[in-house]
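S.K.: So you can see what is in the structure, the chains are spelled out below.
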Amino acid sequence: MQFFIEVLIGGLLSGVMYALVALGFVLIYKASGVFNFAQGAMVFFAALSFVGFQEVLPARFGLEAGSAAVFWLSFLLAFATMVVLGIATERIVLRPLVNQPPITLFMATIGLTYVVEGLAQMTWGANVRGLELGIMDEPIAWLMDDYGIGVSKFDLFAAGVAASLVALLALLFQYTKVGRALRAVADDHQAALSIGIPLQTIWRVVWAVAGFVALVAGMIWGARNGVQFALTFTALKALPVLILGGFTSVPGAIVGGLIIGASEKLAEVYVGPLVGGGIEGWFPYMLALAFLLVRPEGLFGERHIDRV
Amino acid sequence: MLYREAGQFRTSYAEDGRIFPIRQDRIGFALLLLVFGVAVPLLANEYWLKAILTPVLIFSLAAIGLNILTGYAGQLSLGSAAFMAVGAFAAYNFILRVDGMPFLLALALAGLAAALVGVLFGLPSLRIKGFYLAVATLAAQFFIVWVLVKFPWFSNYSSSGVVTAQEVVILGYAFVSPEARYVLTFAVVAVLALAAKNLVRSATGRAWMAVRDMDVAAQVIGFRLMRTKLLAFAVSSFYCGVAGALYAYTYIGTVEPEGFNLDLSFKILFMIIIGGVGSIMGSFLGAAFIVLLPILLDNLVPALFGNALGAGFVSNLQLMIFGGLIIFFLIVEPHGLARLWQIAKEKLRLWPFPH
Chain D
1 MQFFIEVLIG GLLSGVMYAL VALGFVLIYK ASGVFNFAQG AMVFFAALSF VGFQEVLPAR
61 FGLEAGSAAV FWLSFLLAFA TMVVLGIATE RIVLRPLVNQ PPITLFMATI GLTYVVEGLA
121 QMTWGANVRG LELGIMDEPI AWLMDDYGIG VSKFDLFAAG VAASLVALLA LLFQYTKVGR
181 ALRAVADDHQ AALSIGIPLQ TIWRVVWAVA GFVALVAGMI WGARNGVQFA LTFTALKALP
241 VLILGGFTSV PGAIVGGLII GASEKLAEVY VGPLVGGGIE GWFPYMLALA FLLVRPEGLF
301 GERHIDRV
Chain H
1001 MLYREAGQFR TSYAEDGRIF PIRQDRIGFA LLLLVFGVAV PLLANEYWLK AILTPVLIFS
1061 LAAIGLNILT GYAGQLSLGS AAFMAVGAFA AYNFILRVDG MPFLLALALA GLAAALVGVL
1121 FGLPSLRIKG FYLAVATLAA QFFIVWVLVK FPWFSNYSSS GVVTAQEVVI LGYAFVSPEA
1181 RYVLTFAVVA VLALAAKNLV RSATGRAWMA VRDMDVAAQV IGFRLMRTKL LAFAVSSFYC
1241 GVAGALYAYT YIGTVEPEGF NLDLSFKILF MIIIGGVGSI MGSFLGAAFI VLLPILLDNL
1301 VPALFGNALG AGFVSNLQLM IFGGLIIFFL IVEPHGLARL WQIAKEKLRL WPFPH
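Respectively, the protein sequence lines represent chains D and H.
If you're matching positions, the first sequence starts at 1 in our numbering and goes up one per residue.
If you're matching positions, the second sequence starts at 1001 in our numbering and goes up one per residue.
Isolated chain H, as found in the complex (with noise of 0.2 Å):
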């Protein structure tokens, strides 16, 4: 296509063991990053930075905690929203609770706090498996948004148990702006999203890997399951925890509890799916397409069929063709969006002479 990787020799395995091994791809990530870091902010307008990219980063990097740990952990989990959930309360609490909490120490500190919290509702799954252990998590979802509502505590005491988040503030300045907020959330999912390349590609990556392929054998191998288990699990809940408090924080602003329902981490498991499992560009893919699709179907629809429906046919309609394309999706490429790039990918390098 418009490169070959003909004369780039690795020579050392410093080399060997890059992201990007070709040199062009390290320019084009180079180039996105500067396109989606500098000039999307300084170009894009409200209505795209607010509605859609903010999310879409949000949810990426939902989609990679979960991915870490149905993806590469093989634990297939239906609470992450609640993970979420613990991730936002614990930031508000932070910067409520401790004064001159710097905003980014209070988001480390949440997604450890969501780490803790998952590594407590991981124990199950030292026993259980599959099924079994994904009704299991459905307790985490259900008792967590459960004790948030319950003690007000969480909440300041706020009567309708809504609470706003505080400004940010990092060195001085105020993300008050959506470009401002953007970027912020767009740096903050940039560097997880690399440390989580680079985790999946690490010793603890293949030990995830070996025991999601078949724990018992990685056991007799010498894997510790339960360190390699539980270690997915605060990783996992960490990634849903910051994802949560960025939600609260520079997407919707104000978060309550019963927000972060069952829906939302279906939604979020759904853009693993789509997107593709044991991929962290598949997290990206998918939040983009389940972010984009219920926008694009709003448009869509009544623009087809007019408004002589009715709004309630219109949205029952987008709710079968939501359903119906995540269907055809799993039949046609059941690997996700991220396999579908794959492809093209290496039908490009030989186009257009395959021979």
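Only chain D is shown next, with the shape it has when bound in the complex (with noise of 0.2 Å):
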């Protein structure tokens, strides 16, 4: 039983870090009805340009490596970076691109995810590199005795963030001018477009917000696993958290990423050795094609009617 619990909270804390990579896809799904496959790669991406901003302002301006001015100035600058790089991406490619198909725009932010990751490395470099926020990934000393169930400090660490990421986009989308009209404009473009929301900027906002979350995403993932290429995977374990949760649900990549995080644990530690492990890699994609098959907008996608 003990081993039960811990490693359903392992494959729950482990599913909120996907679910802030779902976050950003949702983000953008939302706003502008583009499916954002880039997600993966602006992740790698932040999470490169923060280490390298960390590495470059102790070496060039004197800073004292490892300070709290390098780690805050880096993560201001990455962000800055991001949001150049939303901006751009909103200028150059999704504007000429209006009023396309949906795969056409699909196709073209996997055109960006090639450019990203090709920007990505030639900036930065392909090395892997370690990211250190200063929370040691080992298990908490009193559940550890008192209940002997493992749970890491870390993933407890990287729960919270998300949470209040969560709780931060919940009240800008709530509470702001800002969100307002990115909820209208998530309803439906032409009428917000006719009642004078500026599409272009919220467009801009939308991008530079996912380039945000990418950046925390990326921090926690690169804290985690080093920052590496293979960070730009997590992409695509994003998304059968967004299938299950529905591409239009803030909620929905929560809940998702948390049934994901278990189920593909208890899976692997269960299921796995019976026909020779490694099912991690499918088992999320099968578990959300079986549950599409009964609810196919997700779960809290909107319901999709279909009118002649």
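FYI, nobody ran anything at the bench for these hints, they're computed from the structure.
The reader is advised that the hints may include incorrect statements.
Calculated lysine to any residue pairs in the SDA-like style (CA-CA distance at most 25 Å, straight line) [unchecked claim]:
1) H:Lys1129 <-> D:Ile305
2) H:Lys1050 <-> H:Pro1178
3) H:Lys1129 <-> D:Ala290
4) H:Lys1197 <-> H:Leu1340
5) H:Lys1267 <-> D:Ile305
6) H:Lys1150 <-> D:Gly272
7) H:Lys1150 <-> D:Ile305
8) H:Lys1267 <-> D:Gly272
9) H:Lys1050 <-> H:Leu1171
10) H:Lys1129 <-> D:Leu97
11) D:Lys30 <-> H:Asp1213
Dock chain one against chain two, each of which comes alone in its own frame, and use the hints as you go.
M.R.: Quick look at the structure:
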């Protein structure tokens, strides 16, 4: 039982990390109807920029390596980089493709993935780098001692970050003018345009926010596994989360992440040995697929009504 | 331009329904077949046959497969490489385990095996569509590759999972030289491409297009969605399966399941987008473009910037140029190269006297 709980908690917490990536997808899909495949590359680029700035700042400007100033300055610079990338994407890729079918936009973001991946490695090099957030990846002592359940401090921290990020986004959506405009655009592009909401500004904001989410996700994933090219594959892991939760729902991304994370770990531990292991790679997709057969719009997605 | 269709009257339905209603087009197409079927294998050097022309043909076949599913029936798929893997490994096992299995029969059976798997993974398309379906096809991609890796029976217990394709023998003739392999590939691809062209012009193809344009409306006017969609999955997977078998037998010779990864699926998707969604011709153009572009960049980038930049820089630059070109193409001509070809043809028909 202890083992079960340990696996379950570990899975739930890693699910939170998937949810972080899925969140970036949902934001952009909601606001612009673009299925942004480049989100994974953006996570990679953001994390690499952050680590890169952390190296460059002490070396070039004589700041003390590892200090709080360097950390936050790097964070701000990486965020600025992502904002610039988002605005450039809106201007160069999305604006000329307005009114094209969704598959064209999807393909364009795959092209964008290559560009961002190339750019990231060209600017910062392809070496695997460590990322230090100052939180150890070790079990919480009292839980371990009293109940014998190992829960990583780091995972808990990641969950906390994800929760606060979602809360922040919810506040942004609910209580600010930009947030209201965002929701209007998500509801109906044309109606939003007709009442004077500047669509392009909104898109820029969304891409910037998605860049921010990518940065946070990248930092957490990077601290976990090192900042390396494999980060781009986190995007693929986020896809079953998305279809489970529904493309258009922020809470869906979180709940989907939790379900995928937990069931993936449980399946690997309990079902995996029966068929020879390694099922983590496809199990989330199969789960999502089976789920879709029952609820085609995902858990929280908008019900799609077909009209002739 | 060079020819007009003036004076060529279509006096029967059979004439009206031809693929090439204009006589000059028919002659041109026959010439094209002769050039690529006879002249090229005689004249081209080994590098071109082996590394460029054969893969272009094979990828064209896979692209036709995906185009049938995505371009004609409107079901976005990201799992075409997995169906190629099914074809490749099915052909390998048929030839390995059945004594005296003729190669062409094995090729057809490989296609059928892929079609069966395709129908299985096409079942969700009855409930879900669009990006949800695209992600569902990713399940096929990962699951099939995993099965092929995990169960060593498929690779005949080869310790590394890599299988070496047996020698291709048809009627006692062994296809060993690059020329022979190219001709075999060309023959199979030409026959299947022609079949595909006719299929999409038939009632079946029209049903696919009706489903693509609006499946509810198609259902209302009496198309059976289940049959139409599953048939699209079956035919598409058949083409991908045959392409996969050819890939193993006439192109690279040794295959492993991991070679048929998501990257390959994306590549095939790029081919149909760049070539033209919903166009058989576009599948060929797109495949040629995607195969040739990296080779061109390989030669061009070092020539332009010198070798001083380092291999890592050059490969990243290539990655960026590749991605950039895809975006550029989508912006400039979202209907792909096939559309450009069509426009050029219409312009040239009237040139140089447009009025």
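S.K.: Work down the list of hints and note, for each, if the structure agrees.
M.R.: Tested hints:
1. As the CA atoms of lysine 1129 (chain H) and isoleucine 305 (chain D) are separated by approximately 12 Å, the hinted pair is consistent with the 25 Å bound.
2. At roughly 6 Å between alpha-carbon atoms, lysine 1050 (chain H) and proline 1178 (chain H) fall within 25 Å of each other, so this suggested pair holds.
3. Using a Cα cut-off of 25 Å, the hinted pair lysine 1129 (chain H) and alanine 290 (chain D) holds, with the two alpha carbons roughly 14 Å apart.
4. Only pairs whose Cα atoms come within 25 Å are accepted, and lysine 1197 (chain H) paired with leucine 1340 (chain H) is accepted, the gap being roughly 19 Å.
5. Distance check on the hinted pair: lysine 1267 (chain H) and isoleucine 305 (chain D) sit about 33 Å apart at the alpha-carbon level, beyond 25 Å; violated.
6. At roughly 12 Å between alpha-carbon atoms, lysine 1150 (chain H) and glycine 272 (chain D) fall within 25 Å of each other, so this suggested pair holds.
7. Of the pairs offered as hints, the one joining lysine 1150 (chain H) and isoleucine 305 (chain D) is violated, with about 41 Å between alpha carbons and a cut-off of 25 Å exceeded.
8. About 31 Å separates the Cα atoms of lysine 1267 (chain H) and glycine 272 (chain D), which puts this hinted pair outside 25 Å; it is violated.
9. Between lysine 1050 (chain H) and leucine 1171 (chain H), the direct Cα distance comes to roughly 23 Å. Compliance with the 25 Å bound is thereby established for this hinted pair.
10. Restraint check: the Cα-Cα separation between lysine 1129 (chain H) and leucine 97 (chain D) comes to about 22 Å, which is no more than 25 Å; the hinted pair holds.
11. A distance of roughly 24 Å separates the Cα atoms of lysine 30 (chain D) and aspartate 1213 (chain H); the hinted pair therefore holds under the 25 Å criterion.
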